[in-house]
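For the record, the sequence lines run as chains W and Z.
All residue numbers for the first sequence refer to my numbering, where the first residue is 8 and numbers rise by one.
All residue numbers for the second sequence refer to my numbering, where the first residue is 863 and numbers rise by one.
Because the hints were derived from the structure by calculation, they are not lab data.
Source: prediction; values computed, not measured.
Just a few of them, taken from the derived set where beta-carbon distance is under 10 Å, the chain Z residues facing chain W:
#1 F952
#2 I963
#3 G967
#4 F969
#5 G973
Glycine is no exception: its CB is placed at the ideal position from the N, C-alpha and C atoms.
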Amino acid sequence: MDIKSAAIFFDILYPEIFLLAVGMFILVVGNIFKNRTFLAYLALVGLIGALVLTLQQWNAPQSGFYGMVQIDNFSIFFNVIFLSAGIIATLMARDYLRAHNIERFEFYPLILFATVGMMIMASSADLIVIFLGLEIMSIPLYVMAGFFRNDPNSNESSVKYFIMGAFATAFLLYGIALIYGAAGTTDLRRIMTDLGYLVSHSGFFLYSGALLVLIGFGFKVAAVPFHMWVPDVYQGAPTPVTAYFSVAPKAAGFAAILRIFIYGLGGLNELSVIFWILAILTMSVGNLMAIFQTNIKRMLAYSSIAHAGYIMVALSVGGDGAVSAAAFYLLAYTFFNLGGFAIVTLINSRTGSTAAIDEMKGMSVRHPFLAALLALFMFALAGFPPTAGFFGKFYLFSEAVKAGYIWLTVIAVMNSFVSVYYYLRIVVVAYFGKADEEFAPVSFKPAIWLVLVITAAGTLILGLLPQFGLQLAQMCMFSFK
Amino acid sequence: MLETFFPILFLVVLAAVIAVVMSSLSVLIGRRSSGKDRGEPYESGVAPKGGTKERIPVKFYMVAILFIIFDIEVIFLYPWAVISDKLGMFGFIEMLVFVIILLVGYFYILGKGALKWD
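Just need the whole structure built from these sequences, with the hints factored in.
Shown next as structure tokens:
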């Protein structure tokens, strides 16, 4: 027996290997040096380097590790989302952690390792490798949720996330086992080619497995009815971590769901009904619950559930157009959601802040520019033109209409109207709320400025010149069909 | 296709039957006994001293977790060692990378003082 190293192709994983190496380097260096201020920059170097390496792979689909790793435009598009979210979260985190006196250097390797896991999830064409990526992503996230080690809320957040995550993983693994039992392989391409035969011979196991896998990822992307953990976890975790949670793991979950359910198991048309129900439940419950929140972080948690519901519309529709609409939406969502969270981070960095909505009162007087940015991000979240939020929803819903899902679109648009209420309430509080006392000034650091500029630019550019982003998203295809 | 799973079904049924028969037989024909010694952990062994709800220092937990990591490393080394001549240089370098990653973790925990006993 001769094992051919030729079939492995390490070079397609250079971005992941680079991130991993930088993360481990930080772990070692952080223990040696007393002055650790440069470690955040080192993490940024790692993330930006991986971003450059990833972009070099654009438009050159490759496969390696015996077909288990699949680098195509789809995976690269999502890897860029994960890396951008990682860069923005790292920029936000440094000053926030310092303000709360919990800056430990382990934070940066944890973000890098979690990003590696997500990138593996998005670049994999094998159920077992997707599962491995999911675990590499999840374990650092559990630790990051509990980064306020002495705060019971943060501990609760971490434990809840861990238990629900472990629970979801069990569902996922059981589903993978059933699919393996039905198909005899975990390779999505082989499952896809043999799908007709598999359905007629062991359809029951295939469908049960697919549903269990869906439940497992439903927990990860916070689809209703698997969303119960979200508000508590989002509220208890440090705000930059919450920002990261609301974007990156969700995008990773959707990357895996799209790869599995639109391509691997795309032939199971009956699942469309399940996604239809999930989409409507998720967006309705998310939007309705968000109305009653008095804490910004909890409100944004429910809002992120609602946005997951909009993306689920694409899963119900299926097809190439829906995949690129979902990818475009996730890219746009990354910018405006992280922008919103950057402002919450600023508010929340002040001493004694609990991130209540009332803390926004008087913001427009003290920081008019910040209030204007807040309005921009909230309008984008609500889906107003000319922001990225509008075009994200527009492409998503027009794909649904094209495929004949009229009622789904009507309900989704109605949900968007509901969401306007609670997004604009924050803007109203920031502009017209009468403060009992002066709005305590927030301390601007260069890093948070950079975050605000990047996210606002992304929100506006994708809103004013949507063709550019959409063209990239339309190129974001799976390399196998 | 399902017929191939018949032996497993048979095993499940057999296990259930044995369990039910054994415990019901012991209920039906066994003798009842009671007394202080019945409640002991070892009916005819060493006499217990002290309660069971003692606190164990968390240090043991740390050592146990760290042990598992290196235990797994050894478990991975065995199958590699068995076919290392077939894997050749490629396998050797792969294993080296794996060991180096664990070594980084080892230096990290050393630096954190996780292995200091006091």
